[in-house]
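All chains should be built: construct the whole structure from the sequences, respecting the hints.
Protein chains in written order, with numbering that gives the first Met the number 0: chain A, 0 to 140; chain B, 0 to 140; chain C, 0 to 125; chain D, 0 to 125.
Please note that a few of the clues may not be correct.
Derived contacts from chain A toward chain B, CB cut-off under 10 Å, selection only [said to hold, decoys possible]:
hint	residue
1	Ala24
2	Arg67
3	Leu91
4	Leu94
These stretches of chain D come out as covered by chain A in the derived footprint (C-beta under 8 Å, 3 or more residues) [what the hints assert, rightly or not]:
hint	segment
5	16-29
6	43-51
7	73-83
8	102-110
Bear in mind the hints are in silico, worked out from the structure with no lab data behind them.
Virtual Cβ for every residue (Gly too), placed ideally from N, Cα, C.
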Amino acid sequence: MAGIVELHVPALPEYLQMVRSVVGAAASTGANLKPERVADLRLAVSEATTNAMEAHGLSGLEDRVTVRCDLSASRIEVEVADCGPGFDPNSLPSLPDVNSPDRLRHESGLGVSLMHHLTDETIVESHDDGTAVRLIVHFGD
Amino acid sequence: MAGIVELHVPALPEYLQMVRSVVGAAASTGANLKPERVADLRLAVSEATTNAMEAHGLSGLEDRVTVRCDLSASRIEVEVADCGPGFDPNSLPSLPDVNSPDRLRHESGLGVSLMHHLTDETIVESHDDGTAVRLIVHFGD
Amino acid sequence: MDFGHLADWSSVLSDFRRSVRNQWVVLALTGELDLGSAPRLHQTVVGEVASGHHHLVIDLSGVDFMDSTGLGSIIGALRRVRSHGGDLLLVCTEQRVLRVFEMCDLDRIFVFHVDVDSAVGTPVRV
Amino acid sequence: MDFGHLADWSSVLSDFRRSVRNQWVVLALTGELDLGSAPRLHQTVVGEVASGHHHLVIDLSGVDFMDSTGLGSIIGALRRVRSHGGDLLLVCTEQRVLRVFEMCDLDRIFVFHVDVDSAVGTPVRV
Ligand SMILES: Nc1ncnc2c1ncn2[C@@H]1O[C@H](COP(=O)(O)OP(=O)(O)O)[C@@H](O)[C@H]1O
Ligand SMILES: Nc1ncnc2c1ncn2[C@@H]1O[C@H](COP(=O)(O)OP(=O)(O)O)[C@@H](O)[C@H]1O
Numbered sequence: 000m001a002g003i004v005e006l007h008v009p010a011l012p013e014y015l016q017m018v019r020s021v022v023g024a025a026a027s028t029g030a031n032l033k034p035e036r037v038a039d040l041r042l043a044v045s046e047a048t049t050n051a052m053e054a055h056g057l058s059g060l061e062d063r064v065t066v067r068c069d070l071s072a073s074r075i076e077v078e079v080a081d082c083g084p085g086f087d088p089n090s091l092p093s094l095p096d097v098n099s100p101d102r103l104r105h106e107s108g109l110g111v112s113l114m115h116h117l118t119d120e121t122i123v124e125s126h127d128d129g130t131a132v133r134l135i136v137h138f139g140d
Numbered sequence: 000m001a002g003i004v005e006l007h008v009p010a011l012p013e014y015l016q017m018v019r020s021v022v023g024a025a026a027s028t029g030a031n032l033k034p035e036r037v038a039d040l041r042l043a044v045s046e047a048t049t050n051a052m053e054a055h056g057l058s059g060l061e062d063r064v065t066v067r068c069d070l071s072a073s074r075i076e077v078e079v080a081d082c083g084p085g086f087d088p089n090s091l092p093s094l095p096d097v098n099s100p101d102r103l104r105h106e107s108g109l110g111v112s113l114m115h116h117l118t119d120e121t122i123v124e125s126h127d128d129g130t131a132v133r134l135i136v137h138f139g140d
Numbered sequence: 000m001d002f003g004h005l006a007d008w009s010s011v012l013s014d015f016r017r018s019v020r021n022q023w024v025v026l027a028l029t030g031e032l033d034l035g036s037a038p039r040l041h042q043t044v045v046g047e048v049a050s051g052h053h054h055l056v057i058d059l060s061g062v063d064f065m066d067s068t069g070l071g072s073i074i075g076a077l078r079r080v081r082s083h084g085g086d087l088l089l090v091c092t093e094q095r096v097l098r099v100f101e102m103c104d105l106d107r108i109f110v111f112h113v114d115v116d117s118a119v120g121t122p123v124r125v
Numbered sequence: 000m001d002f003g004h005l006a007d008w009s010s011v012l013s014d015f016r017r018s019v020r021n022q023w024v025v026l027a028l029t030g031e032l033d034l035g036s037a038p039r040l041h042q043t044v045v046g047e048v049a050s051g052h053h054h055l056v057i058d059l060s061g062v063d064f065m066d067s068t069g070l071g072s073i074i075g076a077l078r079r080v081r082s083h084g085g086d087l088l089l090v091c092t093e094q095r096v097l098r099v100f101e102m103c104d105l106d107r108i109f110v111f112h113v114d115v116d117s118a119v120g121t122p123v124r125v
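Below you can see the structure in the form of structure tokens.
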């Protein structure tokens with residue numbers, strides 16, 4: 000059953016749904032994963048893929064974004080890779096408190112923290128020639 | 000809108016559905032294609048991918064099968080590629096007449112002719128290190 | 000009249016349902032009939048024939064996709080029951096599934112019914 | 000009482016439906032709210048506010064997926080109507096969508112209703 004599925008898509012928003020479907024289907028092949036956890040993984044992947052697509056878009060890159068699902072007996076790991084300019088995941092600005100009126104000025108900046116929330120492990124490797132985000136969910140939790 | 004989507008899946012039957020979904024989604028991005036034609040393309044791709052998976056399975060190959068959708072303004076081309084032993088598409092045995100009782104002995108051998116039926120163009124390139132089948136559907140027909 | 004019993008298949012065959020209506024064994028399939036599921040149909044039919052059930056109805060009305068591998072498993076079922084003097088009827092209304100039979104000229108070999116009631120109303124030849 | 004009118008959006012916005020109920024403009028969204036659809040929500044809200052509609056209900060009950068980009072467009076809508084003295088109410092029952100608000104602590108900022116009737120029953124502040 001175990002296997003690796005790899006998907007390359009244009010960095011265009013209309014392909015996000017396809018990415019989520021493929022990840023959802025790949026995760027469901029691992030019959031051990033609860034539907035809620037599959038939903039969480041789909042959301043985390045959507046966040047990472049959105050960032051990858053935006054990184055390509057902002058840099059005018061024509062390259063496709065790669066999504067790789069690696070399913071083993073105990074976990075699923077999804078890697079989302081782009082060849083954008085990269086960023087420093089350790090110096091992301093933190094958002095104002097929810098009670099501050101300023102909070103509503105921030106329509107973005109939630110993705111990376113959501114990924115950590117939604118997965119057992121989120122590993123960001125970013126260099127100036129690209130970023131790879133690995134999203135890992137263990138079965139049976 | 001135009002773009003190339005590439006999917007690599009293990010040569011296992013449980014991934015056929017994913018292949019069909021991705022091709023269906025990619026084809027639907029080309030808003031010009033009628034739902035019936037998308038359905039035909041999905042079926043043709045299912046036939047080609049089944050053959051590719053069987054070619055890997057019979058040869059004990061661990062390699063994945065590649066499905067590549069190339070969507071332009073006027074047509075969609077889906078290439079299904081494997082690294083199996085290849086075959087000669089020009090010397091496939093023909094099936095007995097439907098009225099012959101012998102016809103029921105043949106549970107297989109329908110795939111390649113179906114692909115031709117279902118697409119505008121089916122191009123088979125087969126060598127002893129692999130096969131690539133290109134399935135082409137023009138829009139607006 | 001025998002209204003039959005309806006049994007869930009084992010988990011492996013979770014998308015097959017078996018019932019007995021009149022003297023027909025009805026196998027209701029759902030989902031997609033391809034290389035992934037065709038081997039299960041094959042095994043099921045082999046099992047039925049081995050236990051003396053030679054009159055089968057395959058209900059394809061819940062099948063939304065079938066390719067030539069799926070079709071092949073149905074051809075095999077027909078051959079198998081016929082070789083035991085039995086018969087196979089199909090229930091199918093989905094155009095996309097019927098089309099696969101047609102494209103392969105096999106709509107002339109199979110008998111199609113619009114619903115299970117109509118199929119199991121067919122007298123069993125003995 | 001104004002039962003409002005129901006209009007299909009233009010084809011580009013084919014998964015948005017607009018209606019007017021009491022003094023609220025109700026935007027009913029369906030499908031998935033992500034980078035693909037969020038810009039359309041943004042444009043729609045900008046358009047409503049520009050034409051003087053500052054009391055909006057966004058009906059998310061037909062939305063089966065929303066990510067932080069989708070959420071961002073809703074945050075932007077709230078800020079925009081509030082800056083004109085208006086308000087935004089949300090209709091949402093889908094747990095998966097509610098969860099995104101919760102995980103971002105934004106369930107405390109938004110007002111949720113279980114259906115459109117309940118939302119449009121809210122008196123408009125003037
Ligand atoms: N793959 C990436 N490539 C380049 N920059 C990225 C990438 N992922 C995230 N970033 C940077 O980190 C910031 C925060 O990302 P995130 O938390 O997802 O919020 P958002 O994408 O909504 O801004 C982004 O605005 C972007 O500057
Ligand atoms: N990708 C392939 N690699 C190797 N052999 C192939 C491939 N595709 C088709 N063939 C050969 O052609 C034959 C006919 O294929 P097809 O018409 O699809 O019917 P079926 O696969 O049901 O036998 C196959 O049995 C196989 O021997």
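Hints breached by this structure: Result: hints 3, 4, 5, 6 break, sorted rising.
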